[in-house]
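Novice: These protein sequences, in sequence, are chains S and U.
Per my numbering, the very first residue in the first sequence carries number 1; after that it's consecutive.
Per my numbering, the very first residue in the second sequence carries number 1; after that it's consecutive.
It should be emphasised that the hints constitute simulated quantities derived from the structure, not laboratory data.
Wrong hints could be hidden among the right ones.
Which stretches of chain S does chain U cover? Using the computed rule of at least three CB atoms under 8 Å from a CB of chain U, they are [said to hold, decoys possible]: (1) 253 to 263; (2) 506 to 515; (3) 520 to 529.
Reference listing, derived: stretches of chain U covered by chain S, where coverage requires no fewer than 3 residues with Cβ under 8 Å from a Cβ of chain S [said to hold, decoys possible]: (4) 6 to 17; (5) 28 to 39; (6) 107 to 113.
Heads up, the beta-carbon is just placed ideally off N, CA and C, and yes, glycines get one too.
Given next are the chains, with one letter for each unit.
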Amino acid sequence: MDDLLAEFLAETREMMTALGGELVAWEANPSDRARLDAIFRFVHTVKGNCGFFDFPRLESLSHAAEDALAEVRAGRRSASPRLVTAVLAIVDRIGAMVDAIEAGEELPSKGDEVLVAALEPDSGDNDDIVADCSDGPSARSANPANGAQRSIRLPTGLLDGVMSSVSDLVLARNDLARRMRDAGVDPTVQGPFERLSTILDQVREAVTRMRMQRIEHLFGALPRLVRDLSAELGKQVMIDLEGGDVELDREMIEMIRDPLTHIIRNAIDHGIERPSHRLAAGKREIGTLHIAARQSGNRIIIAISDDGRGIDGARLVDKAVAAGTITRADGDALDHGGRNALIFEPGLSTAEAVTAVSGRGVGMDVVRANIERVGGSIEVTSVAGQGTSILLSLPLTLSIIPSLTVGAGGQLFAMPRSYVEEIVHGGAGHIEFARAGDAMLVTVRGKRVACLSLATQLGLAAPIRPEDSTLVLMRLASGDLFALAVDRIFDHEELVIKPLAPAIMGTGIYAGSTLLDDGNPVLMLDIAGIARKAKLIGDVQKRVRSVEEAAEVHERRGPPALLFVGLDGARKVVRLGAIRRIERIAASCVDLASDPPRAVIGDALFPLAGTEAGELPHEQVSVLRLGDGESEIAYAIDRILDTVELSGDIAPARGNGISEGTTLIEGIPAEVIDTHWLFASFAAPPRSLDAPLCRLPVDDPWARTILAPLIESAGYRIVDDGFEGTADVTIATEAGGTCGDDGAVITLCADPDHAAHLPGALYRYDRAGLVAALAAIRSGKAA
Amino acid sequence: MNDLLVIVEIAGRRAALRTSEVQSVVELEAISAVPRAPHFVLGLAPLRSNTLTVIDAAAAIGLAPHGQPDAGTRAVIVDHAGHRYALVVDAIDDVAEALSEPNRVPGDAGADWERVSEGLIETDRGPALLISLSALVAGPPGVPA
């Protein structure tokens, strides 16, 4: 019976929802036969159904409406506005009763008789006959309900179910793809599978869009909230909403509902002043709360701004000092933004009195934690006396997260890419580690930040030395930086993240899990949670911020240099100033056969030094990228030892070569690389933009194919006979003959004897002579 | 009252799970450890594109842990509150018919068993403690997260 009742209620509600638009349309045009029929069907069904159940009041209401409408349908009565109103009232009443039945409450108090009485025809009806209801087909087809885009209502649970099934499909597809790869499946299977795969991606995109909801749904409740709050607090606040058409994942809307409400409470309670204060401050009596949403790339930005009194930074600092969150010295050192950011510290508030609305100011830290949990960030800006603005930045969806997969302690983990600021190798030249008690600090380009080892945080065995690890610099939503040392970085991936069982969520260091393409589960790290566990959030002000500026590297006596082991196994040093970057490249990117040897780094070719002695490692080569300001060369090394000071004397080397001399570093000799010599011998002369021009005869194939590269490598730009301007040098060959009379002319002869007799002529394979002649002309031009 | 029950052995004792709560019994393959998780969580395991949370049933009750299962160990797959778990038990016996409502255990079953059990239930394979899933997957009280 309960099932039947539930079905009845659901059906009734469904019909009422579908009827919503019809009712309004009928009201606008009571002669519309199609609308009338729809409403008649509704009351008729309700009547029939509630006779079956025991709802006498529902039955009598629907019965009365049905009778009246039947009269209209039969043409015995016209649909007067009065009748429309009466029917609408009955439909509303039926809705209220259905709600009450479902909630198991008492039916709404009596008054049905009035509604039924209103249906009775009165004399007026005959006067205001609106139109003949049994009109021709033109009226019937007027305004049909099927517009361009029909929409239907779906329970959100169903949508979530579809989304999760599609996510499962994607995972199953990945699993299948892996098994097919392993098994080496027939290509005839591969084709349809690819198609299936493409369709699945489209479905996933469509479902993701289906789950999008206009942020209006969130905004809708705000005017009422603001009205109630301001009335309660004796303030006058006007709310101004913008960007309600921005779409956001439904789940995300639910997640930010509470934080947003809290921010609004705070703004009205603490931000906006009482009307009298506002007038005294020369502002409008009514405060404005402006809430705007907009989409920016794959993030949604929501700004909540008020024109209230702003945040009193000095007061916040006082409170924070009093609460012991920061020291007075730290507080004084904070800049404006830093002071405002204190509102995110637990237990701080500038509210003079505890109010029922926003409590004791506890909450902004919770707001921040909640926003961070969904991968968002929060920022506050404030101008004293003019207002406060809070900026929320949120990802579009919760379920698919761009991630970085990393290894730590022999296990794979994922982290949201939104936190990642930079990735550096622990052995890189500009990185310095320091220990402060149990804490590890790292200095990256003058900024000293806390360094956590992921393996240690997770309690995994034997973390590797920080110098050998890869540091992922994380920027927390508060703007604080910290470094997370991982064993290695694997990949960038878009991961479908699923929630974890509560027992695992309870650890506070995971945000979810996913299955990788290889079918193995991987845990998504909760970066904010890890930082919180390591006590980096909360008292960040004293731990991170204050040391950031103070981190100027301690004084050195000599120039800093990098101590490393060359491929030949010898200890060498090179001045740090010459090092641009340190890279690891695949051994296959090195071409030892060319002269000089070259290496591909990124998509550029660099001359490679340091390869004279010794084999290349099999897989990867570390190279130093040295720069002299204009050109760069690469220097292959075995490994980096340390950064040191070149404090001792350098015993100069005898010969000219790569070695500038030898110095003692920690008592052991090391060869100092002569960077001047390196650049002199390896770096290609920079191609200047106004390279001297060399005219070549266009009709001599030998000149264009064999001679041209030599001339270009001498620093010339080649032009042909058709060139209108003045060439610096013209090459004449016997085959091509002389052409053009501008500048110097070099004549090349195929016969060496002939060249010896002709002034200004050279044998065409006299490479040294030709290069010398070209160089002479070039330097003559420069002078 | 003729519920079907899956009879399992946990820490040497006979226990029962409602078949309505049991999805299937599978052989576990590789389990990925979850660092810092409570000790009764053995890790995560993939199952047909789902992720299972592998629970050591004995440890979750508060008894001496069963420990990491060997590859291929059979586990009971259960759903609870939207999450899918694999329960590692000593042995999975059979499906049996419940012959009674769960009753209070005569005597003292021990606080740990009391916490996870809905009572003693008679089956055609003998009496067994009926396990309450929600209590089991929550783990023993006071386990540091």
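Novice: Any hints this thing doesn't respect? Which numbers, in order?
Specialist: As far as the earlier hints go, 1, 4, 6 are violated by this structure, in ascending order.
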